[in-house]
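Trainee: Protein chains in written order, with my numbering: chain Y, 1 to 221; chain H, 1 to 473.
Take these hints with a grain of salt, some might be off.
Claimed, not checked - Simulated coverage check for chain H against chain Y, where a stretch passes if three residues somewhere in it have a Cβ under 8 angstroms from a Cβ of chain Y:
hint	segment
1	25-31
2	307-315
3	334-343
4	369-380
To be verified - Cβ-Cβ distance ranges computed for the label pairs, FRET-style:
hint	chain 1	residue 1	chain 2	residue 2	range
5	Y	ARG118	H	GLU305	13 to 23 angstroms
6	H	ASP453	Y	ARG104	54 to 64 angstroms
7	H	GLY236	Y	LEU82	43 to 53 angstroms
8	Y	ALA102	H	TYR46	20 to 30 angstroms
9	Y	ALA102	H	PRO386	17 to 27 angstroms
10	H	LEU155	Y	ARG118	21 to 31 angstroms
By construction, these hints were calculated from the structure, which means they are not laboratory data.
All C-beta atoms in this analysis are idealised placements derived from N, C-alpha and C, irrespective of residue type, glycine included.
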Amino acid sequence: MEETLSPLLPEGGIRRGTAVAVSGHGAMTLAIALAAEASRRGSWVAAVGMADLGVSALAERGVDLERWALIGLPIATRDGRLTADVLGAVVGGFDLVLLGPAIRVGNAMARRLLARMREHGTSLICALGNEASGNIAASLQPELNMMIEQTLWTGVDDGHGRLLARRAGVTVEGRGAASRPRRVLMWLPSTEGRVTCVESDQTSASAFDLGLEDIRQRRAG
Amino acid sequence: MAVVNLGDIDTCDNELVAAALEQFTPLAEALRPGLHVLGARGPSRYFGGEKAVAERVVRAIADAVPSAPRAGVGVADGLFAAGLAARVAAASTAVVVVPPRHSQPFLADLPLTSLADQISPLHGEDGTEALLDVLWRLGMRTMGDLAALNEADVLGRFGWPGLLAHRLTRGLGDRALQAEATGDSASVEAEIDPPADRIETVAFTARALADGMVARLARDGLDCVSIGIEAESDSGHASRRRWRHELRFSAADIVDRVRWQLEGWYRSPERPTGPVTLIRITPCVTAPADGRQLGMWGARSEADERATKALARVQGLLGAEAVTVPRLDGGRRPADIGRRVPLFDTAAEAQASPKKAKKKAKAAEAPWPGRLPAPSPAVVLAQPEPITVTDCVGTPVTVGGRGEASAAPQLLTDSAGRSRTVTAWAGPWPLDERWWRPSVRRRQARFQMILDDGSAHLCALEAGRWWREATYD
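Required output: the full structure, derived from the provided sequences and hints.
Mentor: In structure tokens:
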């Protein structure tokens, strides 16, 4: 995994055969960034049920578009078995699978899916979006739960500038090595267009937090 | 599987032979004039053994076409072995039966050049000659020599043709084993009006039908191994025959079969008295395409193969359009810059017009004044969402002729009626595309808006209406 994202991942990467859940504003960007590294290393990535994924954003994260497949699930799919069949096929053929927020999977199905993921060594990233209903995430028992809790865009004022960069506070909860919730500050992305974790040493972290406070007060005032 | 080899016979006699063979099984298929295939399992149960069937076939042909050369019938597990057995049989005892699972020892003593025989799937393929040439220079003389090698080594050194050759020498590689029968729904037909009294006219119509059918099957990742050709005449006669191909039918192959069938039909005792009015082609048996002709994403590794298979399965479940691949293209709006190309299109695109694909790639890199700089939105709505944007007194925000907002946006209401306060915004950036053609002209004023929940959106005002086009999620 890319070094700049390693603070998010206690084991240095997404373990094969496990799931990671990402939620909050910016979940899509973070999910793409997590997948991009695997993609650059030559892994095949499938994005299922992400009908609105922005292709230029993929390219900006450095994704290898030649090894990225988009699979549209009909939105009105009440047929859980069809979803399960599709996911089963995808998990068998890809190293990394991204799931969109609209996908619903029952408990029994999730267990079968997990077994298949372990069998094929496939990792899953669930982008839960803003309504962290966590339906699929809960049943898939994600190894890591990344919740983007605070975000702040810079570069835009009242009628001036343009979106430049976004700062975000991410809480990472997990099992095993990462059972204690940790807070990671990130650029999502930075002005240079990179998704990186901010230095985790205490001083710069608090400076980042202060910066957040400062801007918020200015806006309120 | 039984193969009947009559050597070179004319299409008229061939029609009589085909009729005689249909008495044994309705699924008699012709590879070409003088070379026919029968499923041997059913008839052999009925007539008491494969040898008995084969002998009856020889007699039936001799009765039906006394002038025909002596038939050779070969029976084996696969088409390739059965075909070579029939060739041996024609030159000797009339019947050669290779016991089940004994194809490899039977083939082992035959010369390596048999791999280029008419009956071989490698016949006429690109690279077959070169492959056999190299194998010959490596000192291999019989198919047994090749079969003795390790499969993985052969694949690594010679690629796909080598693998197929290796499988053939071991009595494998017969595609019918994994083939699937298709229903009549896949058939294509054309009425010929005015009715055609010349075969070339029918062949011309058949060419268009065959092109469409083969392209459609290729799009679904299928090769056609066996087809049914039906022709009707205005005198009420009809001709139905099945044809098999050793590897897969191309459109030109199908047209050849149509020609052969009609020639035979018009010269047979049951010839129609009128011109042809209808031609119908049905793909009877299809097999998963092995992907050679797809060449989807460049080099094929094991991971490529796995992913391709999974995607084919998903296409089977959801329809071919459900699987797309992202492509960058020229344009100014996010939905134009990043396109989703259906999977089968990318294959066709790359194969049909490398020039066009290159042009597209160039368009993506060219500067597009008016394009918003990075970061790009991670969510681009396939269907922009209609919204309303109002100022602090509730009046809809508009953009004047000078490209300035009438007031600062204050409240954004989405299509579900939920409102959020706009905490920061930027714009408007005008976009005037294709102003030289009124029918496709687009004029937009674009805004970036940050809402009080921290989300950022790309909104556009077009012809007095507001749309949310993308979200910087």
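Trainee: Against each hint, give a clear statement of whether it holds in the structure.
Mentor: Hints, one by one, checked against the model:
1. 25-31: It is violated: at least three residues are needed, and the segment 25-31 of chain H offers just 0 whose Cβ sits closer than 8 angstroms to chain Y.
2. 307-315: Holds, because 7 residues of the segment 307-315 of chain H bring their Cβ atoms closer than 8 angstroms to Cβ atoms of chain Y.
3. 334-343: Holds, because 6 residues of the segment 334-343 of chain H bring their Cβ atoms closer than 8 angstroms to Cβ atoms of chain Y.
4. 369-380: holds (count 9)
5. ARG118/Y / GLU305/H: 13 to 23 angstroms: Between ARG118/Y and GLU305/H, where Cβ atoms are some 22 angstroms apart, the hint holds.
6. ASP453/H / ARG104/Y: 54 to 64 angstroms: violated, 24 angstroms
7. GLY236/H / LEU82/Y: 43 to 53 angstroms: holds, 47 angstroms
8. ALA102/Y / TYR46/H: 20 to 30 angstroms: violated, 57 angstroms
9. ALA102/Y / PRO386/H: 17 to 27 angstroms: Roughly 20 angstroms apart at Cβ, these two residues keep to the hinted range, so it holds.
10. LEU155/H / ARG118/Y: 21 to 31 angstroms: Given a distance of about 29 angstroms, which is inside 21 to 31 angstroms, the answer is holds.
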